[in-house]
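Participant: One letter stands for each residue in the lines below.
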Amino acid sequence: MIVADYAVLFAPFQGVPGDLIPLLQHVQAESGYISEEATAHVARFLRMSENVVFGVASFYSQFRFTPPGRHSVKVCLGTACHVRGGEILSRTLERDLGIFPGQTTADRRYDLQRVACLGCCALAPVLQVGPDIYSQVTVIRLREILGAYA
Amino acid sequence: MPSFPSAQESARRKWAELQASPVPVVYLGTASCGRAAGATGVLDAINRTLGDQKRDAVVVQVGCVGPCYLEPLMDIVMPGRPRISYANVTPEKIEPIITSHLGRDEPFMRHALAYHGTDHAGGNGYSGKLPRFFDLPMLKPQVRVVLRNCGFIDPEDIDHYLANDGYVGLMNALAMSPEAVIAEVREAGLRGRGGAGFPTHKKWEICRAAAGEAKYLICNADEGDPGAFMNRSLLEGDPHAVLEGMLIAAYAIGATEGYIYIRAEYPLAIARLKTALAQMRTCGLLGSDIQGSGFDLDITIKEGAGAFVCGEETALIASIEGSRGMPRSRPPFPAIAGLHGMPTIINNVETLGTLPHVLRHGAAWYKQFGKPGNYGTKTFSLVGKIRRAGLIEVPLGTPLRKIIFDIGGGTTKPFKAVQTGGPSGGCLSEEFLDTPLDYESLGAAGSIMGSGGLIVMDQDTCVVDLARYFLNFTQQESCGKCSPCRVGTRHLVEILTRVTDGQGEPDDLTTLENLGEAIKRGSLCGLGQTAPNPVLTTLRYFRPEYLLHVAEKQCSACVCRELTEYRVVPEKCTGCQRCVSACPTGAITGPRAEPHNLDASKCIKCRACYEICRFDAIAGDAIIIRSGRRLAHEPSA
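Note that the protein sequences, when read in sequence, are chains Z and B. The numbers in our numbering rise by one with no breaks, and the one at position 25 of the first sequence is 25. All you need for our numbering is the position in the second sequence, starting with 1, plus 150.
For the record, the hints were derived by calculation from the structure and aren't laboratory data. Idealized CB from N, CA, C, for every residue including glycine.
Here are the computed lysine to aspartate or glutamate pairs in the EDC-like style, where the Cα-Cα straight-line distance is at most 20 angstroms:
hint, chain 1, residue 1, chain 2, residue 2
1, B, Lys452, Z, Glu30
2, B, Lys452, Z, Asp19
3, B, Lys424, Z, Asp19
4, B, Lys563, B, Asp608
5, B, Lys755, Z, Glu87
6, B, Lys755, Z, Glu94
7, B, Lys752, Z, Glu94
8, B, Lys755, B, Glu715
9, B, Lys521, B, Glu337
10, B, Lys755, Z, Asp96
11, B, Lys752, Z, Asp96
Facing chain B, from chain Z, some residues (calculated, C-beta under 10 angstroms):
hint, residue
12, Val16
13, Ile21
14, Gln62
15, Cys76
16, His82
17, Arg84
18, Gly85
19, Glu87
20, Arg95
21, Gly119
22, Ile133
23, Val139
24, Arg141
25, Leu142
Work out the full structure: start from the sequences and follow the hints.
Facilitator: Laid out in structure tokens, this is it:
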């Protein structure tokens, strides 16, 4: 992202401290993650240190600091999903994809995230790939589900 | 700017026209949960079929009625006929349903679930053939106050809300003095629905009396409790109810600025709130001099960025101010010095959603629900190992048994426990089933009401594993400011992991208890003060299960991986080799048509073989998971 883009990105904001989180959300929505470069630009715009910006960003689970994969795989580990086997799904995905939650595969095809609750507890265990939600997922369906995302 | 009576009148006219629509009306639940169950595909199928058959019909997207296990839920109303509900609709079912119901005016009985309304004077009575919707076992025991509009109005149309007595509570409030509004809420005995049950009017009185150039009202929609979705459903299904509550609360405390702090994970609720705010502005229900009363309020949406601790009031304020969401010590309470140092009231979504009813019908009406000290209704999300999962609303004081067995239909396997209050709550055993769900009774049992998550567990759930799960959650969500919570929860997780891995010692149980009590006493905010509840309650009510893990190294539910083993029962094995190809580590071998061999040293217990053997038609259900003498998926004696 070039510097001129940041100016466009920051235009709707006033530059007050309360803008920090909405700004980071805006940056992440545009570029998929918060890069070091973006952190520096946000810090300059809000007249804060980069440490403060990163300190706030890293506090919240929404923000990621590595580029996402083409398909985001989210395993729900809310309580209802946990008692219905979400943990086993997560473990199997980690092994199959060879990455830990929060990481992206080397080919940038998938990234893996554990999420606290997707809010469809009656359909547990739930898996989200990109925008699609799969309900009552079993270990044996996992490979078939993921295979559909190139 | 339209006056309220004229806006109301035109809304009522529009609503009456929809009720008396000369063409069929199709209602489809498209809240997040309905969409997860496939409602988007169903909506496409409805529009496609109507187009193909060249039929004229009105399609209305509504919120969620609550019974998630019936989603997606679609209703059809033919002119002059009762409304008919169809459950678990799929795109494939749409064509036959529309052909029959819209084409021949005959409900497609194979998929029809229930009819609505009390009389069937409108035409063919379905009473003999179908149950009444609100007589269904899940719905009959419920009392719907807060959720009354969910699933019945278009949440993106303010006229639907206005036509159903929307904003009448606000108009009543504006005709009273702020003090009289507070008095009415005091009289109703309304307690905060976010968890602690603090009397709403008390906070308000303090804030009203506090000095400040500005005062703020914040709606706490940071529903972070995993397994709870009451607030999301209300915001998606009836956003104006919450916004009307915000206007009433702001008027009572003298606030001129309002914020909604909502999880970014709820994009649909955020979108609907934005739509609703724009409509309010057009109707003169937001901004300056609302309905000529001289009362001003503006509402801003703030998206949370994912931190459970931000449900705590001072952490939430820090987050809005742009900092790390860490709580601070109190006093001063936010009602005196909150956002930007000004008097601030933070009310939960459901509390705010209740206010319009209190102000519309009066405190006396509201007090018909519940019991002294615990008046009114409460919404719960009923999930876990339960037959009829979903969102429910019952009067406070309803016994757990009624909720789990009458409304939820009980469990398929024998019931074991219920967790109330989410990760901060407690795990209650069977002997507590007659406990009334009120703030004090739950507290006495060592649990809390919380925001309303109810997770039901059967014999296949391990309570030790569940306690570890909750502690793992609170440990990760601990903000790290105070050491009892930061360090203490970490140690609880380590000990619990040791126990579930079969490395536990009998002394560990005492350590868990002592440490848990210390964390409760020493932590700064509600997160730490309640975090040990799952461990302490399971230790209190399910101690034999802990002892089994520690002394016998067994897990009665066969959940704890390290305490289970996988075996092939040679007599049942059909030798189909399905498991051989499913096994990722080559632990299972054997020629076709002969019993297979499972090498325990290679097995990583991923369940792939177990699932395939259980569900594949030619396999023999020959793979077992066992811990000691107990087998997975069998009720322990």
